[in-house]
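Colleague: Chains U and G, in that order, are what the protein sequence lines are. Under the numbering used here, the first residue of the first sequence is numbered 4, with each subsequent residue one higher. Under the numbering used here, the first residue of the second sequence is numbered 1286, with each subsequent residue one higher.
Worth double-checking, as some hints may not be accurate.
Unchecked claim - Partial selection, computed: residues in chain G whose CB lies under 7 Å from chain U: (1) LEU1330; (2) PRO1346; (3) PHE1349; (4) PRO1351; (5) LEU1391; (6) GLY1394.
No lab work stands behind these hints, which were simulated from the structure alone. For glycine and all other residues, C-beta sits at the position ideal for the given N, C-alpha and C.
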Amino acid sequence: DAKTTQPNSMESNEEEPVHLPCNHSTISGTDYIHWYRQLPSQGPEYVIHGLTSNVNNRMASLAIAEDRKSSTLILHRATLRDAAVYYCILRALSGNTPLVFGKGTRLSVIA
Amino acid sequence: DTEVTQTPKHLVMGMTNKKSLKCEQHMGHRAMYWYKQKAKKPPELMFVYSYEKLSINESVPSRFSPECPNSSLLNLHLHALQPEDSALYLCASSRLWGRVGTFEKLFFGSGTQLSVL
């Protein structure tokens, strides 16, 4: 399986943008990039996913490098509620690829 | 209603006990999952059910026995567990499983924190 590499932890000030990086140098052409996050004492929740083009939704934006070997999850204005572990996950479009979590990045938000 | 409900929230059991974890969703999802998460580690997939049939068993020891009695309910029966099985057990569901060309978002419950003494 193609692997992802994320920093163990990051810190951000409240109300400032946060850029969470993910490296996936062995990504294949059919791998989509997914992001989930896990708030304290909660199960993971879906954030966003994309293939080649940048994607936006109400939670975040996903910026994907032109060579697709890296991507960045962007939280436009961090709040205390965004403190969580963020997981970058590659999933092949084969229909039966399970969601496999890597180590993720623990984001702390400072008031 | 986009909720996956897991009960109990906490469970303490001895190594000789038999207990069950329960997971319920009313979103009409036909795929359900069990994940295990040790402290400070990412979740690890255990089982996948699709249309009430077991599709994936990630070589889980037989002391963990899953059951999907209907499309809304998923159980995990526990018997003769070891202390190293203490973990957070997460249930998830998605609309479908195994449909080529689509991705299904997974919706997770808050988990059952299990302690085996």
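Colleague: Each hint should be assessed against the structure and marked as holding or not.
Modeller: Verification of the hints:
1. LEU1330: With a minimum Cβ separation of about 5 Å from chain U (threshold 7 Å), the hint on LEU1330 (chain G) holds.
2. PRO1346: Violated - the Cβ of PRO1346 (chain G) stays beyond 7 Å from chain U, reaching only about 19 Å at its closest.
3. PHE1349: 17 Å, violated
4. PRO1351: 15 Å, violated
5. LEU1391: 6 Å, holds
6. GLY1394: Where the cut-off is 7 Å and the nearest Cβ of chain U is about 5 Å from GLY1394 (chain G), the hint holds.
Hints 2, 3, 4, counting from the list given before, are not met by this structure.
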